[in-house]
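Participant: Sequence:
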Amino acid sequence: MFIKYFLLLSAATLLAADRVSFQAIVGGKDTSIEDIPWQVSLQYNSHHLCGGSIYNEWIIITAAHCVDRIRVQDLKVRVGSTKQNRGGQLLDVEKVKIHQKYYNANNVYAVNDVALLLLSKPILLNGSRKMKTIELATSTPTDGSTAKVSGWGKTTFGYPEILQSVDVEIVSFNVCKNSYDPKNFKVTEAMICAASEGKDACHSDSGGPLVSNGQLVGIVSWGPKPCSQPGLPGVYADVAVFRNWIINEAAELVRTKMQRL
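Per mature numbering (1 follows the signal peptide of the UniProt record, and there is no 0): the sequence shown = residues -17 to -1, 1 to 244.
Mixed in with the good hints, there may be bad ones.
Said to hold, decoys possible - List of simulated lysine-lysine pairs, BS3-like, C-alpha gap at most 30 Å:
no.: 1; residue 1: Lys12; residue 2: Lys240
no.: 2; residue 1: Lys80; residue 2: Lys169
no.: 3; residue 1: Lys80; residue 2: Lys208
no.: 4; residue 1: Lys104; residue 2: Lys84
no.: 5; residue 1: Lys240; residue 2: Lys80
no.: 6; residue 1: Lys160; residue 2: Lys115
no.: 7; residue 1: Lys84; residue 2: Lys113
no.: 8; residue 1: Lys80; residue 2: Lys131
no.: 9; residue 1: Lys80; residue 2: Lys113
no.: 10; residue 1: Lys131; residue 2: Lys160
no.: 11; residue 1: Lys169; residue 2: Lys113
no.: 12; residue 1: Lys12; residue 2: Lys113
no.: 13; residue 1: Lys84; residue 2: Lys59
no.: 14; residue 1: Lys169; residue 2: Lys115
no.: 15; residue 1: Lys166; residue 2: Lys84
no.: 16; residue 1: Lys113; residue 2: Lys78
no.: 17; residue 1: Lys84; residue 2: Lys169
no.: 18; residue 1: Lys66; residue 2: Lys131
no.: 19; residue 1: Lys208; residue 2: Lys59
no.: 20; residue 1: Lys84; residue 2: Lys160
no.: 21; residue 1: Lys78; residue 2: Lys59
no.: 22; residue 1: Lys113; residue 2: Lys59
no.: 23; residue 1: Lys113; residue 2: Lys240
no.: 24; residue 1: Lys208; residue 2: Lys160
no.: 25; residue 1: Lys115; residue 2: Lys240
Bear in mind the hints are in silico, worked out from the structure with no lab data behind them.
Make a model of the complete structure from these sequences and hints.
Facilitator: Here it is in structure tokens:
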């Protein structure tokens, strides 16, 4: 479910190259949206493209590589559904904001892989158990701690209809960096790495949430191809690093939207 080895999820597998995996969940299990109510499906031309997280009623957090080559009018977001192809609310996207220092290294890896989606209409949260906002992490999770990644990305058996999730462990920055340096893939301090034996995110999980202690700590970004290779952890954008950018840019998007209403 993650972006595994080096195929940025930018137009998902629909537009993808072969070298990186912008990701899906391997080794996971069926999960109800009520257990991960901030999870959304980003849809491109009526097909699941990437994951994302509900920041507030107007804003979705996702990976920049998911939306860097797509017309905003071709995007929709499905919220509040365990199934990526039906149920819940299906909302249009009005605007995309990509981090100004985002860099896609020829579909091999991505740096500052963060984007915000402004919805055309607000999510009708109304206290629903299937749709909730997620709190942003204030610090990077400690090495060895457990986090949960979720999405509808590729599994061992193909692309699932039902939401999948898996627990992974945070891998130290130095271990992760040393794993990818021989391949000339850049791991920066604005990234988190996580892995567990036989478990990982994979194609079309990109943009989805990595959650620890009820906080969004990471955004699925990239990893090895094929997914879940020993010694090659999944790589995520570190939400604590981008926290201020997310807060400020989301506020500006909503402020501008409210002025037009």
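Participant: Lys104 and Lys84: Cα distance at most 30 Å?
Facilitator: Holds: Lys104 and Lys84 sit about 28 Å apart, inside 30 Å.
Participant: Check the hint pairing Lys113 with Lys78 against an upper bound of 30 Å on the C-alpha distance.
Facilitator: holds (24 Å)
Participant: Taking only the CA atoms, is the gap from Lys66 to Lys131 under or equal to 30 Å?
Facilitator: Answer holds: Lys66 to Lys131 is near 19 Å, not above 30 Å.
Participant: Hey, Lys78 versus Lys59, does the alpha-carbon distance stay inside 30 Å?
Facilitator: At roughly 11 Å apart (the allowed maximum being 30 Å), Lys59 and Lys78 satisfy the hint.
Participant: When you check the alpha-carbon spacing of Lys80 and Lys208, does it fall within 30 Å?
Facilitator: holds (28 Å)
Participant: Given the hint that Lys160 pairs with Lys115, does the C-alpha gap stay at or below 30 Å?
Facilitator: violated (34 Å)
Participant: So if I understand the rule, the pair passes when the alpha-carbon distance is 30 Å or less; does Lys84 with Lys160 pass?
Facilitator: holds (20 Å)
Participant: Are the Cα atoms of Lys115 and Lys240 separated by 30 Å or less?
Facilitator: At roughly 21 Å apart (the allowed maximum being 30 Å), Lys240 and Lys115 satisfy the hint.
Participant: CA of Lys208 to CA of Lys59, is that 30 Å or under?
Facilitator: Roughly 27 Å between the alpha carbons, so the hint for Lys208 and Lys59 holds.
Participant: If you draw a straight line from the CA of Lys84 to the CA of Lys113, is it 30 Å or shorter?
Facilitator: violated (33 Å)
Participant: Please verify whether Lys113 and Lys59 have alpha carbons no more than 30 Å apart.
Facilitator: holds (18 Å)
Participant: Compare the distance between the alpha carbons of Lys169 and Lys113 with 30 Å, and conclude whether the hinted pair is satisfied.
Facilitator: Given that 30 Å is the threshold and the Cα spacing comes to 37 Å, the pair is violated.
Hints 1, 6, 7, 11, 14 from the list above are not met by this structure, while the remaining hints are.
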